[in-house]
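For chain A, the structure is supplied; the task is to place chains B, C, D, E and F on it using the hints.
6 protein chains.
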Amino acid sequence: MTTDKITEFNEYRSRMNERIFESDNLVIKRFFNLDTHAYTAGSLSIKTKEMIGLACSMVLRCDDCIKYHIGKCKEEGLSKEEFFEVFSIALLIGGSIVIPHLRRAVEYLEEFDQ
Amino acid sequence: MTTDKITEFNEYRSRMNERIFESDNLVIKRFFNLDTHAYTAGSLSIKTKEMIGLACSMVLRCDDCIKYHIGKCKEEGLSKEEFFEVFSIALLIGGSIVIPHLRRAVEYLEEFDQ
Amino acid sequence: MTTDKITEFNEYRSRMNERIFESDNLVIKRFFNLDTHAYTAGSLSIKTKEMIGLACSMVLRCDDCIKYHIGKCKEEGLSKEEFFEVFSIALLIGGSIVIPHLRRAVEYLEEFDQ
Amino acid sequence: MTTDKITEFNEYRSRMNERIFESDNLVIKRFFNLDTHAYTAGSLSIKTKEMIGLACSMVLRCDDCIKYHIGKCKEEGLSKEEFFEVFSIALLIGGSIVIPHLRRAVEYLEEFDQ
Amino acid sequence: MTTDKITEFNEYRSRMNERIFESDNLVIKRFFNLDTHAYTAGSLSIKTKEMIGLACSMVLRCDDCIKYHIGKCKEEGLSKEEFFEVFSIALLIGGSIVIPHLRRAVEYLEEFDQ
Amino acid sequence: MTTDKITEFNEYRSRMNERIFESDNLVIKRFFNLDTHAYTAGSLSIKTKEMIGLACSMVLRCDDCIKYHIGKCKEEGLSKEEFFEVFSIALLIGGSIVIPHLRRAVEYLEEFDQ
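Same order as they appear, the protein sequences are chains A, B, C, D, E and F.
Letter by letter, the first sequence follows residues 1 to 114 in full-length UniProt numbering.
Letter by letter, the second sequence follows residues 1 to 114 in full-length UniProt numbering.
Letter by letter, the third sequence follows residues 1 to 114 in full-length UniProt numbering.
Letter by letter, the fourth sequence follows residues 1 to 114 in full-length UniProt numbering.
Letter by letter, the fifth sequence follows residues 1 to 114 in full-length UniProt numbering.
Letter by letter, the sixth sequence follows residues 1 to 114 in full-length UniProt numbering.
Note that these hints are calculated values from the structure, not bench results.
Nothing false has been slipped in among the hints.
Subject to a maximum C-alpha distance of 25 Å in a straight line, what follows is the list of computed SDA-like cross-link-like pairs (lysine to any residue):
1. F:72 - C:45
2. C:72 - B:16
3. E:80 - D:13
4. E:47 - A:45
5. C:74 - B:15
6. A:80 - C:29
7. B:29 - C:112
8. D:47 - A:26
9. B:74 - D:47
10. B:72 - D:41
11. C:80 - F:46
12. F:80 - E:21
13. F:5 - E:17
14. A:74 - E:46
15. A:29 - B:103
16. C:5 - B:7
17. F:74 - D:103
Chain A on its own, in the form it takes in the complex (with noise of 0.2 Å):
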């Protein structure tokens, strides 16, 4: 079950990712279907990979990045214990600038509770 804040940034996601794909650009099509081909279970299982995918946001403080990696761990499973494992690393390597980020991933994290 999703809240409000959940379904509105997934919908304005797709809303753009749309008018994106219209615009007909070959290489950020390719781009995109790439970056979803990406995430999908290989060597590393899916679980593995989003949990780096989030990591990798929160060192980059893309907080919408962050937004929807969270999405996709939730729906792989994991627990609150591993989320903190996953923001303490982003924060020891990226720095006290994280830490703004950090905020607002726990405040989205907690919108799944709801």
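Showing chains B, C, D, E and F alone in chain A's frame:
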């Protein structure tokens, strides 16, 4: 013809630039003047310089900078296809963390056609 | 005397920091403690450390970090001229992509004089 | 006519790209193909795309990327004045931390005239 | 069995870490201890944490960090396929500016098989 | 008294700055002049400005910028304890990816005591 979002962005930008100038800090003032000067026509056309400014703003993931250069590129008559080719190169260079900024760029670009 | 925007920022910050602490992740807790400890007086004064924190936040383009250090610098009695000299160095080092953050920094700084 | 430094750079690049391709990772292979495709002529000329690539490489401070795009821009006949206008915009956008990369870029560019 | 390049990297790293510790700066010492602690087994395995560390190092484009985590991932028995899946996600997230670091990562990884 | 590594760094820097000036690009020339001007004494002392420059260079992970500001801080009489307090704040803000640059900074700093 510009819509509310474009006007709002430009007005905030102008208002705050004035406040910054009022501070009378010589280094900041000179930086702003130099910034304006850099995009005037030289060996490269304004259009080329503004496309470079737009792409750099995307890979550095600065939404306000993207908006500003979209406005300037529009003044230089950039076509939709040209915009998306600039976007595609920025996406490839900067990676998937550019995508949220690409979504907002496309949304802002569409404001000009309202 | 603080205005609504400053209060709002500080309250969100405190509320989310509490939620992060409740997670009981030891690495994150220790990082937060270390972060607090780093800005206490040593060979360098708190004022100098906070100016360094402010400039680093600007070149790394983290609005919330900028706000936080503006508040701390205000507590240390930084003058308007000193603020703008910190801003000017951050602008030169970080380039024109710092400008949107400079605008918001100046806007936030003015809140303290309301 | 190319000098040793240019040859050395190109040979290392080619050799390691081959090793990467031998890994047979489909996502990486497709990314490399997409990367090549993105700089072919479209609505924008190769020259414009390569200048964009060069400027983005400078603001992201990637020496090898800068070298690669300098080589490509040379192939497209970029004049010295045009090179320095690209550099000037990258410097303004990225700030003084771009300077060490600018020094190495100018040094590499001079190799082509030996 | 390690080759010269791996030994050289590890020795420089150890020697300079000692010099940093000799400075007796408490914040830096605690940070280093925390950094070591963060990668111990918890809800997530060491292997998962090291893969996260490796991917984050790539998107942040830090060659020494990449080398360090490659060494740690090797100790955890990461297979060649797993390494390249980590690389592929980092490449997609971070974009083509990651490529020069990918080349050096692959070169360093091959040192372990000498 | 300076050792070879310091001399080498300064000579390369001077030589390439001259080549950049010879290009006669007005924007770049003015940027360089502005950069010099920004670190002169104002409301803030040169020492404070150089410490800010050093910390910003560390969080942005620019080795040459770090070296330059270490040299300037040395001229301003920064003590070893002060250097390490600047380093400690940069480390906390920028995270563990700053560590390789910290190692090289400490190595360079020790050159001055030879």
